[in-house]
Each structure stands twice: as C-alpha cells, then as structure tokens.
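*Asks:* Protein sequence lines correspond, in order, to chains R and X.
Residues 1 to 505, numbered by our numbering, are exactly what the first sequence covers, in order.
Residues 506 to 848, numbered by our numbering, are exactly what the second sequence covers, in order.
Since the hints were derived computationally from the structure, they do not count as laboratory data.
There's no promise every hint is true.
Claimed, not checked - Cross-link-like lysine-lysine pairs, in silico, PhoX-like; alpha carbons within 20 Å at most:
| no. | chain 1 | residue 1 | chain 2 | residue 2 |
| --- | --- | --- | --- | --- |
| 1 | R | Lys60 | R | Lys346 |
| 2 | R | Lys467 | X | Lys805 |
| 3 | X | Lys805 | R | Lys434 |
| 4 | R | Lys107 | X | Lys651 |
| 5 | R | Lys286 | R | Lys193 |
| 6 | X | Lys805 | R | Lys107 |
| 7 | R | Lys257 | R | Lys192 |
| 8 | R | Lys434 | R | Lys286 |
| 9 | R | Lys275 | R | Lys192 |
| 10 | R | Lys55 | R | Lys409 |
| 11 | X | Lys583 | R | Lys82 |
| 12 | R | Lys82 | X | Lys805 |
| 13 | R | Lys122 | R | Lys275 |
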Amino acid sequence: MSERLFKKTGMRFLMALIPVFSVLFTGCGKKEEADGVINLRFVTYQAVDVPLDIKEVMEKANAISQEKIGVTVDLEFQPGDKINLMMASGEYYDMVYTSSWINNYDKNASAGLYYDITDLVKEKTPELYEYVDPYWDCAAVNGRIYGVPLLKDMGAEEMFRLNADYFEGEKGMVIPERMTIRDIEPFLEVYKKDFPDKFPLEMTKSGPGGYLNFLERIVNPIVVVPFGDGQEAEEVVPFYECEELVEKFRLFHKWYKAGYIHPDAATIESTASDKSIPVRFGVAWKGYQGYSNPEEWGFNVKISTFEGPFLSRSSGQGAMFGVSAACDEKHAEACLKYMELLSTDKKFRDILAYGIEGKHFEYLENGTVLRTPAGRDRYYLMLYQTGPSAAASVESVSRSFLADPDQWKGVFEEYETEGIHSALNGFSYDQTGKEDIIAALQAIYSDYGAELRTGTSDPDVVLPEIKRRMEAAGMDELLQDIRSQLSEWNRSKETGEKGISNDGN
Amino acid sequence: MTETEKMRDERGSNAAAEDIKAGGEQTEPGSLNRPSGYTGKRNRIFMLMSLPAIVWYLCFCYLPMFGILFAFKHFTPKPGEFLLKNLFINSPWAGLDNFSFLLRSSDMSGIIWNTLFYNFFFIILGIAIPVFIAIFLTEIHSVKFKGFIQMVMVLPYFLSWVIVGYLVYAFLATNEGQVNHLMRIFVMEGIQWYQSPGYWRVILIITELWKSTGYAMIIYLCAVTAIDRSLYEGAVLDGATFLQRVRYITLPHLRPTICTVFILRIGTILNSDFGLFYQVPLDSGSLQSVTQTLDVYVYKALMQQANFSFSAATSFLQSIVGFVLLMVTNRIIKAIDSESSLF
Numbered sequence: 001m002s003e004r005l006f007k008k009t010g011m012r013f014l015m016a017l018i019p020v021f022s023v024l025f026t027g028c029g030k031k032e033e034a035d036g037v038i039n040l041r042f043v044t045y046q047a048v049d050v051p052l053d054i055k056e057v058m059e060k061a062n063a064i065s066q067e068k069i070g071v072t073v074d075l076e077f078q079p080g081d082k083i084n085l086m087m088a089s090g091e092y093y094d095m096v097y098t099s100s101w102i103n104n105y106d107k108n109a110s111a112g113l114y115y116d117i118t119d120l121v122k123e124k125t126p127e128l129y130e131y132v133d134p135y136w137d138c139a140a141v142n143g144r145i146y147g148v149p150l151l152k153d154m155g156a157e158e159m160f161r162l163n164a165d166y167f168e169g170e171k172g173m174v175i176p177e178r179m180t181i182r183d184i185e186p187f188l189e190v191y192k193k194d195f196p197d198k199f200p201l202e203m204t205k206s207g208p209g210g211y212l213n214f215l216e217r218i219v220n221p222i223v224v225v226p227f228g229d230g231q232e233a234e235e236v237v238p239f240y241e242c243e244e245l246v247e248k249f250r251l252f253h254k255w256y257k258a259g260y261i262h263p264d265a266a267t268i269e270s271t272a273s274d275k276s277i278p279v280r281f282g283v284a285w286k287g288y289q290g291y292s293n294p295e296e297w298g299f300n301v302k303i304s305t306f307e308g309p310f311l312s313r314s315s316g317q318g319a320m321f322g323v324s325a326a327c328d329e330k331h332a333e334a335c336l337k338y339m340e341l342l343s344t345d346k347k348f349r350d351i352l353a354y355g356i357e358g359k360h361f362e363y364l365e366n367g368t369v370l371r372t373p374a375g376r377d378r379y380y381l382m383l384y385q386t387g388p389s390a391a392a393s394v395e396s397v398s399r400s401f402l403a404d405p406d407q408w409k410g411v412f413e414e415y416e417t418e419g420i421h422s423a424l425n426g427f428s429y430d431q432t433g434k435e436d437i438i439a440a441l442q443a444i445y446s447d448y449g450a451e452l453r454t455g456t457s458d459p460d461v462v463l464p465e466i467k468r469r470m471e472a473a474g475m476d477e478l479l480q481d482i483r484s485q486l487s488e489w490n491r492s493k494e495t496g497e498k499g500i501s502n503d504g505n
Numbered sequence: 506m507t508e509t510e511k512m513r514d515e516r517g518s519n520a521a522a523e524d525i526k527a528g529g530e531q532t533e534p535g536s537l538n539r540p541s542g543y544t545g546k547r548n549r550i551f552m553l554m555s556l557p558a559i560v561w562y563l564c565f566c567y568l569p570m571f572g573i574l575f576a577f578k579h580f581t582p583k584p585g586e587f588l589l590k591n592l593f594i595n596s597p598w599a600g601l602d603n604f605s606f607l608l609r610s611s612d613m614s615g616i617i618w619n620t621l622f623y624n625f626f627f628i629i630l631g632i633a634i635p636v637f638i639a640i641f642l643t644e645i646h647s648v649k650f651k652g653f654i655q656m657v658m659v660l661p662y663f664l665s666w667v668i669v670g671y672l673v674y675a676f677l678a679t680n681e682g683q684v685n686h687l688m689r690i691f692v693m694e695g696i697q698w699y700q701s702p703g704y705w706r707v708i709l710i711i712t713e714l715w716k717s718t719g720y721a722m723i724i725y726l727c728a729v730t731a732i733d734r735s736l737y738e739g740a741v742l743d744g745a746t747f748l749q750r751v752r753y754i755t756l757p758h759l760r761p762t763i764c765t766v767f768i769l770r771i772g773t774i775l776n777s778d779f780g781l782f783y784q785v786p787l788d789s790g791s792l793q794s795v796t797q798t799l800d801v802y803v804y805k806a807l808m809q810q811a812n813f814s815f816s817a818a819t820s821f822l823q824s825i826v827g828f829v830l831l832m833v834t835n836r837i838i839k840a841i842d843s844e845s846s847l848f
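Model the full assembly from the supplied sequences, consistent with the hints where possible.
*Replies:* Next up, the structure:
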C-alpha cells in the first residue's frame, strides 16, 4: 500500500464531500431558461405510480404551451410526505399541489409559503379568474388568495355502490336513486342471510369513504362544525360532542355487531381485490361513471346517493395549486398563465389528463374520451393531479356505455340548486401556538379513530374515554382559541366586504 | 492496562519498529520524512480499511449534527432559501417549547413504561436466548445440520416488519386466521386478537425474539468458536461435566462480548423498533395501551403535522437519556469488572 494511494484516497474522500457541502450551503439551483421561454418546476401529488409515458406526453404538451404562452414545465410527481419535506426544507419549486388533505393549504398559506396571487390573477389572467369564480372563497386566507382551486367535484356526494345483478336481478329489490343511510339495511340483511360467512359492507381501516364530509372540519378530524345556517362560534364542537356524527358511529357499530362488517375491518388496508362485496361506499358526483364499469367489477353496479352534495371549505380545497413565495413576478405570472391554459384550452388539458391522442386515448363521437389499453397501462392519472378535472373532456368507460359530455355543467348547476353549503367557507384557523395541543389530540384520536369509523368499538363506551383524555390534553384551550378566531372572522365579515378583500388587510 | 490494550500496544510498537526498519531501507527520493514511529505501515492499512466507515459516520452522524438546533427553534422555512439559512437565521428561538407537546399527553407515563418494559425484556431475553443457542450449536457436530439451523434462525432477520406484520396477521386474523381456525376445530370460541390487548405483550416479545435471535446469535457463536479448544479438552480430562464446562470456561470467555452488547443496548433504552410496535399490531387502536411506545407516539402525533421541531425535540431527549444511561451502566460494569467495560 503506497503513500500515493493513501493521499489519492484522501483526496477522493474530500472530493466526495464537496457536493454534500455545496447542497447544504447553497440549496438547489434553478434551471436557466433560453430565449425567453420560461421553464417551471411543477410538483404534483403522486397518488399511486408515476405514469410510464410521462416524458413523451410532457414533450408534446411543452411544445404546445411553449408556442401558445412561452412556458414549459417539468412535471414531477411526489408522494405527500415528500411534498411536506420539500416545503419544510425551503426547496425551490414554482408550482405545487396543495389541498385540505395533502400538503395542507391553510397551514402553508398562513405560514407565507405561497405567493399572494390576489391581484396578479385578476390583472394578468382574467380568464382564469373568471373560470374559477365563484370558488375563490375556499382559497381565501385572511381575505387574500394564495392558490388556485381546481374545478372538480367541489362538493361531496355520498353514495352506495350496489351489485345490481344480485339485488335487483336475483332478489327483485329496487335500488332507488336516492336513499337515506339507514335504507341500506334491508340490502345488507338479505345478503347476510344468503351468505352468513361473508360481509356485505365494504370497510377498511380508513372507514366509510367520506363519512365526515357532512361536517366542516376546523381541525381535521377532531374539531368540527355541523353544516347549518347560524354558524355561531359556539357550534364549534369536538367530534365526540357532534350528535349527528355520534349517531353515525352508533349505526356503524350496530352493523358491525350484526355481521355486516368484517370483524378485522379496523386493521384492513384495502378491499380492492375482493370483487364479491355487494355494497360499497363512494364519493363522487352526478354522472360519474368510474364506479359502474361492469367489465371491471364483473357485475352491473347501480349507484344510490344518500347524502350531499356538501360544499365545505375542505371539499372545495380538494385539489389546488400554490405558487411558491420564492417566485419572482415573472415566474408567478407564468404559473398562472399555464393554469389558465389548462383551464380554458380543452385539447391541451386533455393531453395532461389522458395522454397522447391515438396512443393513450381517443375521442368518441359524442365528444367524450375513451382510454386505450396502452393509456390505461402507461398513462393513468386521476384528473385532479394535473389540473382542473372539469376543464378536461369527460371519460366514458366503454363504447357502449357513453358518458354525458356536458356532465360538469349539470354537476355545477346541482351545486347551486341542491348543494348544502358551509357558511364557514373563507375561514381558516391559524394554529400558531397550539401545535402541541393538536399533536397530542391527533395522537389520542389515532388510538380510537379506526375502530370508531369501522364500527368495531361501541361509541357509548369509547367516546366518554376519548373526551376525558382529550380534555386532559388541552381540548378546552384549543376550542376557546378557535371560537375567538371565528368570532373575529364573523365580525370582520359583517363589517367589511364579504370574502376576498382588495387590500392587504 | 487491560490485556487487550497491552496486546495492542505490543503490536503497535512492533509495527513501529518494523516501520523504522522499512524507512531506513527506503531510499526512494521524494518520500515524506515523518517522525519515526508515527503510524505503522500496518496501521495505515487498517485505517484505509476503516475509511468507508469513517466517511459514513462523518456524512450521516456528524455532518447532520447541526439538526439538534431544530429542537430549540420554531422552524419557519422560507421557500427558495437554503436549509441552513432557514434554520439559523429565519427561525426564531423556541427555548424548551418544543418539548412541551410530550407533556401534553396524559398517557406519557404509560408510554414510557411500555418503552422501558419491552426494552427490559428484549435486552435480557435478547442476550440470554442467543447465548444459550450459540452454546448448544457449538456442541452439534454435524456441519450440515448446524448450517441448516443457523440459516433457518437468521432468515427472519432479513424480513421487513411489514411482511412480519402480515405473517402474524395470517395466524391471528379473527375470521381467516390459523390460530382461531385451530381453536374452532377444538370447539372453542375464536379470539378477536387485534381487539384483545391482554395477549399482546407476549405476542410482541415472541415476535421480536423470533426475528432477532438468529442474528444476535452470530456474535456469540463467533466468540464461542474463538475459545481455545484445549481448555475444553483439559476440562474433559479432569472430568468436568458439560454444565461445568459452560459455567467455568464458556461463560467467562463470553463475558466481555455480553457486557458490550448490554451497554450498547442500554444506550437505546428509550428507543423502540417502530416496525414492531406499529406494523405488527397493524396499528390497531384497542391495542394501543400495550403497543404504544415513544417512537410510535411521536409518529402518530406528528404524521399529520410534519412538525420537524417536535420530532427533533423527542429524538434529542431519547439520545440524552440513552447517553446518560450508557455512561452510568459502563461505570457500574467497570466497577464490577474493569475488563468488560466498553471504555
């Protein structure tokens, strides 16, 4: 072993450390742009997998957007915890997915992580402003806008998805278009009688899909407000004191005891592989076909709505894009321009939503879209991951089962006429100083949550215990803080202009 | 000076002497003139061999040390600015505020108790059983059978906790589980395992031992194999029984190894294997009274919040307690038997 080798290795070691240090001290650099074209780093939520053909699709989309608005994007998919890390470490990005459930919008907006686009969006991209109106309220934090809500199903409709071949065909029952949640019991009972060893109601540890949607959640899912007209600050209650919710827990527990729900539901991650389950929960919108493809399920599915549509702040914040506060005005404007193009140019929107025409999807005669097998395998995304769902063409599940191409018009009309709106839209709770209480409450909640929502535990036994523990952890202090902030907000709403103000107050 | 240190010292001076000799013969121009006996040639090779480990520790243990600051700051990042600036300049000092969330929970005493309870059993059984098996394995003469046993025992160590969690589920599921299936054959009511906290202290201890014993055993197996066989031969000639041989030859030779492992384990007494306590009980709420350890609590409390200051504060606390306990244990062991202590 010679001296030289030792010295050489030492040098290599130092050289290996250089990139480590340089990242620590300088952060990540920004890409330089050539000839006036602005390149954006666009980070979106990775729901399942990154689509295989993303490069090819983005090349095509970038060619079009460069020609139309002089903007190209690097579209990047990141899971929720990675996005959190990215936000916390101050990494550079231009546009990021943010919502009430992934990468918390209210929290980040009040922490000043997003660009205040209130004036910019009206001046530079009036078409985008027009398009999203009247849904800007759910993006308002202290009267200012920090993100673009993506128009999709802004309200939540709760539905049952039933095996129509079995219930209507074999049993001669009638599945109504609308029912109450309790009306499902006879269906469950019939199935249980036929198959005593099976469990008719789909249930996983995350509980019935969207069972909390009928509440405005101030601190999800611990402090809630039932939808009502008054919206007095006193109506803010811990979830264990919300009578409607407790009733639901009792119902689930009754079903659990009757054997409609799998005994291990509170530990089951997914029931996707068990196609035999005849009753499933769903959250969707009028005309949505994704639940009813007989080819996928092996039987005809009929949908029956039992609640909603509920329009709350959290449902309105289902998918949004925030612009980084570190952007200069040029880049912020480019982000909005890109969002505007996605919202108003259907052909362009369809590329990001469905891929390349002819390869990943094709247009049917009535203007809806049908994915090809290649599209299903190599470019399958949820619409909200890449832009407003409502701006894309509507998808049909098969040639013989065509969707209504104007579906979204009906959906938004229904929201206006039948929608149950939360009066709290526009209020965001500022958690500063109470994070330790919330963290402690979240930990307590997670001890019971799965068993309450799956019906495994008896709410009349467990809720008093939760109450005792949560009060010991500072629930009252938190409630007081929320109520005083809410009264403050109510007062400013009465005196000032409702919703979004034009100045920085 | 301990025996090993003496040995090391002898070896060092021998090597140094060699080096001087070698240096005297070396007439290559341009070679560095070091003070004689600085580091031996042999030591240089050893250092080179340990270089990857040193680099690893520098990069992943010493370089991120500044992260301790997270525990004492209200971390408020500004987008687009680099991490150190965000941490040092943009974030205000928080004093001990970040530690307060640990005190918020009324079950903190139960959580600490669980952590200590399991670690106590893991340390005691995690040493006793592997030592026991290692001693017995050396008594087996069939190489094939020995190899087979060893392989079977080490294998579980390489399974991830997620997989172990589902293996356990295959046994304990209420409806489809093997255990309940057997119980029903014998006309007994099945048990809702994931809702019955009573059994889980035992289940978790068995699972942990099943997974870790084989791997832990390797260390002791090496130590036992390294014992001079002539000692045993002598003992056999003198009429010592098997138990006597173990008591007077094997165990005394294993003592330094056992003490080292013990001290190191004490240092992490407030830490717990997150996979074991979160994945194996499938995060079942009913079981939380017996499965919630400090790491699980922190994960549950902070999963939704992404509050790095809180998690840093907890880790800091775990490290401090671990450090203090490690020093104390080492001191106690040193007082009892100075050769077995770590330093």
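*Asks:* Taking the hints in turn, state whether each one holds.
*Replies:* Hints versus structure:
1. R:Lys60 with R:Lys346: holds (15 Å)
2. R:Lys467 with X:Lys805: holds (18 Å)
3. X:Lys805 with R:Lys434: holds (17 Å)
4. R:Lys107 with X:Lys651: violated (59 Å)
5. R:Lys286 with R:Lys193: violated (32 Å)
6. X:Lys805 with R:Lys107: The hint holds at about 19 Å.
7. R:Lys257 with R:Lys192: holds (12 Å)
8. R:Lys434 with R:Lys286: Violated, at about 39 Å.
9. R:Lys275 with R:Lys192: holds (16 Å)
10. R:Lys55 with R:Lys409: Violated - the C-alpha atoms of Lys409 of chain R and Lys55 of chain R are around 32 Å apart, more than 20 Å.
11. X:Lys583 with R:Lys82: Roughly 17 Å separates the two Cα atoms, so the pair holds.
12. R:Lys82 with X:Lys805: holds (17 Å)
13. R:Lys122 with R:Lys275: violated (49 Å)
Comparing the model with each numbered hint stated earlier shows that hints 4, 5, 8, 10, 13 do not hold.
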